[in-house]
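Undergrad: Here the working numbering is used: the first residue of the sequence shown is 27, the next is one more, and so on.
There's no promise every hint is true.
Stated by the list, open to error - 16 Å max Cα-Cα, derived EDC-like pairs, lysine to aspartate or glutamate: (1) 119 x 85; (2) 144 x 85; (3) 113 x 83; (4) 101 x 145; (5) 147 x 137; (6) 136 x 162; (7) 113 x 94; (8) 152 x 137; (9) 136 x 102; (10) 113 x 131; (11) 101 x 137; (12) 113 x 123; (13) 136 x 99.
It is worth saying that the hints were derived from the structure and are not from the lab.
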Amino acid sequence: MKRIATPLLVLALLGISAATLSGQTGEPVTRTFNAPLDRVWAVTESVLKSLGWDVDERDRSVGWIVTDSRGVEFKDFGVYGEGTRHKLRVTVKAAGEGRTSVSVERQLYKEERILWMKERKPIQTKDRSVETAVVDAIGRAL
Numbered sequence: 027m028k029r030i031a032t033p034l035l036v037l038a039l040l041g042i043s044a045a046t047l048s049g050q051t052g053e054p055v056t057r058t059f060n061a062p063l064d065r066v067w068a069v070t071e072s073v074l075k076s077l078g079w080d081v082d083e084r085d086r087s088v089g090w091i092v093t094d095s096r097g098v099e100f101k102d103f104g105v106y107g108e109g110t111r112h113k114l115r116v117t118v119k120a121a122g123e124g125r126t127s128v129s130v131e132r133q134l135y136k137e138e139r140i141l142w143m144k145e146r147k148p149i150q151t152k153d154r155s156v157e158t159a160v161v162d163a164i165g166r167a168l
């Protein structure tokens with residue numbers, strides 16, 4: 027019985043750890059602006075571009091933009107690369123008459139790349155300076 031219980035306990039703990047790691051993104055920084063959705067969407071795209079974030083995916087009907095990843099401390103040696111990277115998920119939604127809510131969530135992770143194969147491990151952080159800077163820039167541009 028002990029031989030079966032120990033491996034099951036280890037597997038259960040590993041499952042809990044994996045579930046915890048998979049959802050490790052910080053809470054988004056959200057701000058509501060007194061501007062219509064169309065204007066905020068255009069300003070958000072412009073601000074991301076001016077801050078050096080390239081857009082990877084966008085779906086205006088759903089209201090989200092995902093940026094390409096950028097290196098935080100990433101070293102690229104051609105066929106091999108390793109370090110810390112991050113990307114943003116921006117959600118733009120109507121919040122009533124002439125008001126729009128913008129949420130910015132940053133995904134921070136450690137990446138190791140060999141040729142075209144990537145391994146990413148999420149990193150937990152309480153630093154919201156990147157998200158706050160984007161939302162502040164949107165507010166200034168409006």
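Undergrad: Next step is simple, just say for each hint if it's right about the structure.
TA: Here is what the structure says about each hint:
1. Taking the CA atoms of residue 119 and residue 85, the gap is near 12 Å; set against the 16 Å cutoff, the hint holds.
2. A threshold of 16 Å between alpha carbons decides the hint, and for residue 144 with residue 85 the separation of about 25 Å lies outside it, so the pair is violated.
3. Taken as a hint, the residue 113 and residue 83 pair is honoured in the structure, with Cα atoms around 12 Å apart against an allowance of 16 Å.
4. This hinted pair checks out: residue 101 and residue 145 have alpha carbons roughly 15 Å apart, not beyond 16 Å.
5. Taken as a hint, the residue 147 and residue 137 pair is honoured in the structure, with Cα atoms around 7 Å apart against an allowance of 16 Å.
6. Restraint check: the Cα-Cα separation between residue 136 and residue 162 comes to about 27 Å, which exceeds 16 Å; the hinted pair is violated.
7. A distance of roughly 6 Å separates the Cα atoms of residue 113 and residue 94; the hinted pair therefore holds under the 16 Å criterion.
8. Straight-line distance between C-alpha atoms of residue 152 and residue 137 comes to about 19 Å, which puts the hinted pair past the 16 Å bound.
9. Distance hint between residue 136 and residue 102 is fulfilled; the C-alpha atoms sit about 13 Å from each other, no more than 16 Å.
10. Note on residue 113 and residue 131: the hinted pairing holds, with a Cα-Cα distance of about 8 Å set against a maximum of 16 Å.
11. Our distance criterion of 16 Å between C-alpha atoms is met by residue 101 and residue 137, whose separation comes to about 10 Å.
12. Between the alpha carbons of residue 113 and residue 123 the distance comes to roughly 31 Å, so the proposed pair goes past 16 Å and is violated.
13. Only pairs whose Cα atoms come within 16 Å are accepted, and residue 136 paired with residue 99 is accepted, the gap being roughly 9 Å.
Against the hints set out earlier in the document, violations occur for numbers 2, 6, 8 and 12.
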